[in-house]
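J.: Which chain is which? The protein sequence lines are A and B, in order.
For reference, each letter of the first sequence is one residue, going 488 to 957 in my numbering.
For reference, each letter of the second sequence is one residue, going 488 to 957 in my numbering.
Do not rely on the hints blindly, as some may be mistaken.
Remember, identical chains collapse to one label, so a pair may be satisfied in a single copy or spanning two.
To be verified - Below, a list of computed lysine-lysine pairs in the PhoX-like style, where the Cα atoms sit at most 25 Å apart: (1) LYS648 to LYS924; (2) LYS548 to LYS521; (3) LYS738 to LYS951; (4) LYS738 to LYS792; (5) LYS619 to LYS588; (6) LYS924 to LYS670; (7) LYS536 to LYS548; (8) LYS703 to LYS548.
No lab work stands behind these hints, which were simulated from the structure alone.
2 protein chains.
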Amino acid sequence: MIVKHPRDYVIDNLQYALNPKSIAVVGASRYSTKVGYKVVDGLKLWGYKGDIYPVNPRADKVNGLKAYPTVKDIPEEVDLAFLAVPAHIVKSVLEDCVAKKVKIVVIATSAFKEIGRGALQDELTQYCRDNKLPLIGPNLVGMGSPYLDFNCGFIPYLPIKGPVAMISQSGANLLAALGSSQKDHYGMSFFVGLGNKADVDFCEFISYAGRDKDTKCLAVYIEGLDSPDAFIEACQNVNKPIVTIKVGGSKIGEKAAFAHTASENAGTSDAFYDEVFKKAGAIRATTWEEFLDISMALGMQPPAKGDNIVMITNGGGSGLLSCDHFERRGMPMHELNEISPSLSDRIRAYMPMFGSPLNPVDISGTASPIQYKGAFTQAMRDPNVHGIIGSICPTAVTDVDAVTDLVIRIHDTYRHLGKPFIMECQGGNECQEAILKLRDHGIPAYATAEQAVNAMVALYQYGKISKGHK
Amino acid sequence: MIVKHPRDYVIDNLQYALNPKSIAVVGASRYSTKVGYKVVDGLKLWGYKGDIYPVNPRADKVNGLKAYPTVKDIPEEVDLAFLAVPAHIVKSVLEDCVAKKVKIVVIATSAFKEIGRGALQDELTQYCRDNKLPLIGPNLVGMGSPYLDFNCGFIPYLPIKGPVAMISQSGANLLAALGSSQKDHYGMSFFVGLGNKADVDFCEFISYAGRDKDTKCLAVYIEGLDSPDAFIEACQNVNKPIVTIKVGGSKIGEKAAFAHTASENAGTSDAFYDEVFKKAGAIRATTWEEFLDISMALGMQPPAKGDNIVMITNGGGSGLLSCDHFERRGMPMHELNEISPSLSDRIRAYMPMFGSPLNPVDISGTASPIQYKGAFTQAMRDPNVHGIIGSICPTAVTDVDAVTDLVIRIHDTYRHLGKPFIMECQGGNECQEAILKLRDHGIPAYATAEQAVNAMVALYQYGKISKGHK
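Bound-form chain A, shown alone (with noise of 0.2 Å):
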């Protein structure tokens, strides 16, 4: 539902909902097969280390725990109510938190406005609003933090942690990105589903994330905004990047961003999102995966402050399937000897004489650690420099692992330059340990050309988009 600003009593309580002293789970089960049962087991399981309290008017125990028959029935203060209860039970346990004076609920239950009971979400919405009760959701499936061990919902991991706060409509999607982070180290700061987004809006989100200390990223999925001023507003108020993935734009996306988290699409375009994150300075992905790897990059390294981009590869393949990318992406690379005057000459003396000084700098399949060292090293140290992607290509007499190394240590070297530094490692196993490895030591690398380049030019548009902030 609409709101006309991020409001204070809202964001002020969304500690709560990300770090609550104590829990009431209304809806949990003794079933272990059970949603309601998976919350409580969750929230044990990853080690929340305050109190819960299961609400089950039919159990004296649920996983172990004493359970209450109603929220108004629990002796101790309550921060969060966690709702995985029928839709028509869902006014009376809001009551319940009013009347227990709960700060903040959410409501995981579906079957609300997506499937045509809008009146039914409004009503809630309003009993909330008029009590200064902030309700996330309904129809979603939790949030949580690696820094907490926090996992509240129908979650199986947490994510490892990292430098992004993910705000997704979509559970989903949520849970792949949770996925995607154990088996390929994206790391979070926290994530929340907000579903229907009947009540505490993104607005909200994005303000209290704009204060999260672990926070240095945000990513934002959204089906539909209700409230684009008020999104705008709390966008530029944050000063840390946004990257947002638009669903819903096609016209058959359109009834199923409805069908899914109730969002109304009808009478916008793709042009109007456009401009709202224009407005918001907030950079758009198109695909999930762009979506992933450029907050990963965002969150990770500084922006670029120009487009003088070094690419330095041992595979010439891969140093062409990039530059045509930048060019692809509004951002052509530029030979070294345009970027500054002496770095091909210095750069070449660290390649066979089949490699090429250009840009993409191709070192050659041969090249050894020490040419590599003594490439990056040139790149970094040019003053003219805005950034840098590497690339590691394992030919048969190429040391990834020590390449590797290396390149974790040129990084921790010159990271007081403010410089942006991305690898790209494709190939085998052996090179995705090397990607995860980087990424554990703060460089975004990625496995092919394109999503290093992508990265790149957000962390570029980044540079343009905080030049106007100050």
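Model the placement of chain B on the given structure of chain A, informed by the hints.
T.: Coordinates of chain B only, in the frame set by chain A:
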């Protein structure tokens, strides 16, 4: 160098490059860090069954094998001569190969036309053409086939067996694909690096792959075509899907393509290549990931006979990413009730009330294997449905293993219907395992919705191309 048409003597002799009974490795080194050593070592390591003759005038033995001073000194017949010697020696080795009646030569050596020695390269080409000795290269990484345990070059991996023949000017990108094969189960029939393609051209390898029984799809990476007409002629005569990726189209890429494989792109444009590929009936990929993704799908699945694609997912978000991407790719999805009168009702039986029988079909995050089975079966059996994308999102109650196994059974059961079936499985390690298992069973499976959509779009495009063939 230009060829007017694919040459029969070349095509016939390519069997000696990809399935030789005997190989002379000229420039075979005794020192294990040298590339000349790696070639002999790779042949032995990966189980090559034929005879290996190292050629090295300063060694009696190389890697445990008797070495010969020159090719002419080898007492037995030589099918293939693989040259890893300095550029200035190549001509005299070619003379020995002609004298020895070698069937085909591969020149791995770099430092020819790509560094300005075009005249030297042309001289070698002319010499080989005058003597009807096909020359592959120079400036390449090697070739091989997993079906023959054959790995000939500076290549750290063999791919897994599968349907795709990869023909690549770039060695680095070829190695990346071989690594992906191992890591992501991208199966290949054979692979070859073309390098500078001084003599043997794309058209001849395409013709060869057209006849190869293990090849179901051709994946062709191009930095520049010397002979577009011969390329078109060869493609038109191959009744298998052909996927291309063309680099070197950007301003800086044009120079980089010359510096890499002496590829000439002056005066051409992306539009020119679009036209070439259209005439050829080849499908052009934009990014490296798409190149691998769609070639795998075309190698594994039948073409889509129409655009009535049904997507079945337990994640509304992945459905939205998909339908938006289908529209972005110019192939919008249709609602179930447009595709087939009662399909929506029949599928609704397999989802909860908050699921959505639109299309994408959202059977919801609570979907069981039984519900997946019912929905898949309804879509598969409906004669109006031309193809299916299935999607698994790992919610806390999703049995990823069970759904994966049932997908494999459904695919086997209905394979005779000739409908393409593609899977998406977004999430953590269990999803990556599901993807590998599905691929091993002939089902193209991907980690993101957009990749699955790209694959289905390619199957539809090939459906139209192959109809034109008849």
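J.: Determine which of the earlier numbered hints do not hold for this structure and return their numbers in increasing order.
T.: The structure breaks only hint 8.
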